[in-house]
Amino acid sequence: MLVIECPYCGARPEPEFAYGGQAHVARPSEPATTTEDELLQYLYLRDNTRGLFRERWRHVRGCGRFFNAIRDTTTDFFVTTYKVGERPDLPGVGA
Amino acid sequence: MKARTTTGGRVDRSKKIQFTFDGRSYEGLAGDTLASALLANGVHLIGRSFKYHRPRGILGSGSEEPNALVTVTRDAARRTPNLRATQVEIYEGMTAESQNRWPSLEFDVGAINNLLSPMLPAGFYNKTFMWPRSWWFKVYEPKIRAAAGLGVAPTLPDPDRYAQQYVHCEVLVVGAGPAGLAAAAAAAQSGARVILCDEQAEMGGSLLSERSATIEGLPAMDWVAQTLASLRANPRVRVLARTTAFGYFPHNHVGLSERLTEHLATTPANLPRERLWQVRASEVVLATGGIERPLIFPGNDIPGVMLAAAARTYANRYGVRVGERIAVLAGSDAAFEAAVDLSATGATVAVIADVRPVGSIDGPGYAAAKSARLRILPNATALGVTGKLRVEGLQLGLIGADGQVVAGNTIACDTIVMSGGYTPSVHLHSQSRGKLSYDETLGAFLPAATVERTRSAGFSRGVSGLAAALNDGATAGAAAAAAAGLHTTAAPLSASSLDAGLAGQPGALPQLAGLIPPKKAFVDFQNDVTTRDIALAQREGFESIEHIKRYTTTGMATDQGKTSGLNALGIVAATSNRRLAEVGLTTYRMPYTPVTFGAFAGAARGEQFDPVRRTPSHDWAVARGGVFEDVGNWKRTRYFPIGSEDMDAAVHRECLGVRNSVGMFDASTLGKIEVVGKDAAEFLNRFYVNNWTSLGVNRSRYGILCRDDGFVYDDGVIVRLADDRFHVTTTTGGAARVFGMMEDYIQTEWQDLSVWITSTTEQWAVVAVQGPKAREVLAKVVTNVDLSAAALPHMGVAHGQIGGIPVILMRVSFTGELGFEINVPAEYGTDLWEAIYAAGQEFAITPYGTEAMHVLRAEKGYIIVGQDTDGTLTPDDAGVAWAIGKTKRDFVGKRGMERPALKAANRKQLVGLLTADPAVVLEEGAQVVLEPNRPIPFAMIGHVTSSYFSATLGRSIAMAVVEGGRSKMDQTLHVAMPGGDIPVKVVSTVFYDPQGARLNV
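These protein sequence lines are chains C and R, in that order.
Per the working numbering, the first sequence starts with residue 1, numbered consecutively.
Per the working numbering, the second sequence starts with residue 96, numbered consecutively.
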């Protein structure tokens, strides 16, 4: 059971959180101009990173807020968590 | 108790305890384990082995015991199998039994496996039961399952209570031997919150087995008592005996299982049987000590062959002489130390045969044995053991200068004790993903780099000698407290003890390597793995230690290789000419020792297993014999039988009651979400496929929700209560996920919107009143509302009162009849239900359940998301494309459903099906095909999603998704069934009142 730092509430145990998949996948907001390829990327294609990975989490049994995290998929451990709209840069982390 | 010494030990000689083993009565002493009490009575034969049913005795004295597994029974529901006799504390009247034997321990029919053993090599199951393939499930697997396994679990429900507790501390110390006690004392001095746990009943670890060690000038156990007293007096310290740290989870989350009543003759009602501690520690100190390794020689499993440290523990701690005439097989200095202490119990030490070369035999144990004038035979080895149910002799081999072994004498003895050196217990360090490195001098893997905030201390990291272990523990405890932000310094501790070296040499005895032993030499006692099995696995091409482990089963099961792991590695290293460090280690898995299901379940059983959600009409329905079904956590009434009605009869009556007069239905389980804010309408516009800006206040609309891929996700009626306030209903099962999806888009995609959502599912109780007489029923009870069709048309909403209760009246229908859904604050739900029922008596109002609701909606072709759709249907496929707001720039799923594949003409579309024979009711899920009598293989073009017998229509009806279904109207298709095809005609999904005449009245 990991301890996860909610950027709004602080450190809380893992069962309070839900995983939300890869972070920073922007929803195409103009259907009229969204190409089939853009749609494919948005709906179905996700990275499967070995190492530092940006991903979404939600403090679902706490404040309910979504936030983003950088986590090392080889160790499970979180490197940092940050609020929606932020995007800290770390060496070795992909876009 | 013929083998009990007259003095010494930590047992209470004034408290005698009677117990039975395999039906025979024995006497033990308070402080005995089942193993020590049986040994005191001269009983060495305790069980039969797993595979070969060989007679087995007691190898160890603690949790490392692989052989002496027993079942302890208090009553029919309290029967615990596979307990290690070495850990079971006896109590007055205890009933214990051996396992894995029939009809008796002394004569066991299954022992035929021992004679058949040439046919039972490593991988036997994999090789033999391959063919014929069809026999696997029917014959081989059931037979193997019946023959395998150890002990029998009770079949009655567990009557005991199990507690669970979460706790935080700065320093958790695992193991209360010298290093652990010193660590806990040092950490506690800093003011840290400390938890000290130990799996044994009494704390002290290796000190419990010492005769003459001193610490700080005190006899060692006096120092232990003093240290424990000061720890227990500290309110920030928790001392947990009989508590096993069984698992090390991420971020210093350690699972402890505490046994509170297992050792008591009568169990107090106020105590839980076990308690599962979930500890979150800032820092962890692992002071888990080490486990002695057996030596590997033919017959090393015969009862009477025992680890030297265990024999010493029985002598010094329990006052038990494990044998009268003992042969010692030494692969380490510790064996000599044991020989001296065994000789002090009055036993004869027949010989100490040392397997090591002459020059390498040295140490304080050796010196003590020499001065005690014990007979020491260097350059010796064991070629075999005589005896079947108990050791009768040790067949010695003599190692010549050229390394050749020649047969020596057979030494008559009733017990053989052996020591191959110690293996540090690195299980928890390894579970915490810490690295291990091999120490050639000690012949052991030691903790190296850590991942968690943990440190090992004392012998678990290779520090041997009492004073060194104590000071290593104290340093670790102080360092842990400092790392947790508290400050202390460890004062040095002085100690004296014999300090026999702990080093040895893992693997089979090298002088036996060239010999093929005529008898079995066991590596893993619990899984019956011999040297030959490991050699065979390598001959068959298994090189990786992980593969060898699985093929031979060495180091598996409950034992997890505590005594066998390093020896197996040593054999693999020797036979494959690799260094032991190169062979590598297999993974140490949790739990360290087995943990009961009860401890994990805790209070989560029966009523407490999962929350139950009940509707306002629940008790009313129970009182009237309503039959319930589970929908998520909800209990919903499925039907209300009258008299001896079965479900079909009840549903038939309920449906006709609604169509002919009026029915009432508890719809409180529908998900409800209140959407509020100046952008509430804009949010729903973007979220649902429909247009919401055009919806007037106090009007409602049926909404469809898709995912961004364009597939239907949920549906429900949405009411506009005010310009900036909507009451959204969802499916019963979809409430939570729709709410979560709304939050996702509000928080992440559309931060420009000013909108808030609140789950109101449990704030509102809802009663649906449906049928031609619905308005007349409501007219009797509703005040301040004009119920006329003009004032309150279909999909209209009004606010009024019923008996003074404020109600929101929604004119909606899921039956196709004139209908209303009455919403009241949940606390009035039962009052509302009873008021409607009373008012409806004049019209013979029919309470109906979910089954009739399903039939009534299917007659009208209303879909149920999740039944008629399955996550691959677009609104168009489901026949609800009319709901889509065509002029909207964007909504969730708009672009997704524009994809060519989602607009193809031949997509599966929802249609109605009528069977040629009106009495035949199709099976939901049945496959639809084009042609009868088709050759195999053939294409299935769809499946039945809903199917019922309609009382209203006097025939069966069904809905199905069929490829290009809407272009197949009136065609005959076939539903493939095991009993033959059923011809069906494709029709509209609306079977009843297609004009909606009954709705708009």
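Everything labelled a hint here was simulated from the structure, so no lab data went into it.
Everything numeric in this text was worked out from a predicted model, so none of it was measured.
Be aware that a few hints might be false.
With a cut-off of at most 20 Å between alpha-carbon atoms, the simulated SDA-like pairs for lysine to any residue come out as follows [stated by the list, open to error]:
| # | chain 1 | residue 1 | chain 2 | residue 2 |
| --- | --- | --- | --- | --- |
| 1 | R | Lys989 | C | Ala26 |
| 2 | R | Lys998 | C | Glu36 |
| 3 | R | Lys989 | C | Phe78 |
| 4 | R | Lys483 | R | Ser455 |
| 5 | R | Lys981 | C | Pro31 |
**OP:** State the violated hints by number, sorted upward, taking the hints as numbered earlier in the document.
**Re:** 3 and 4
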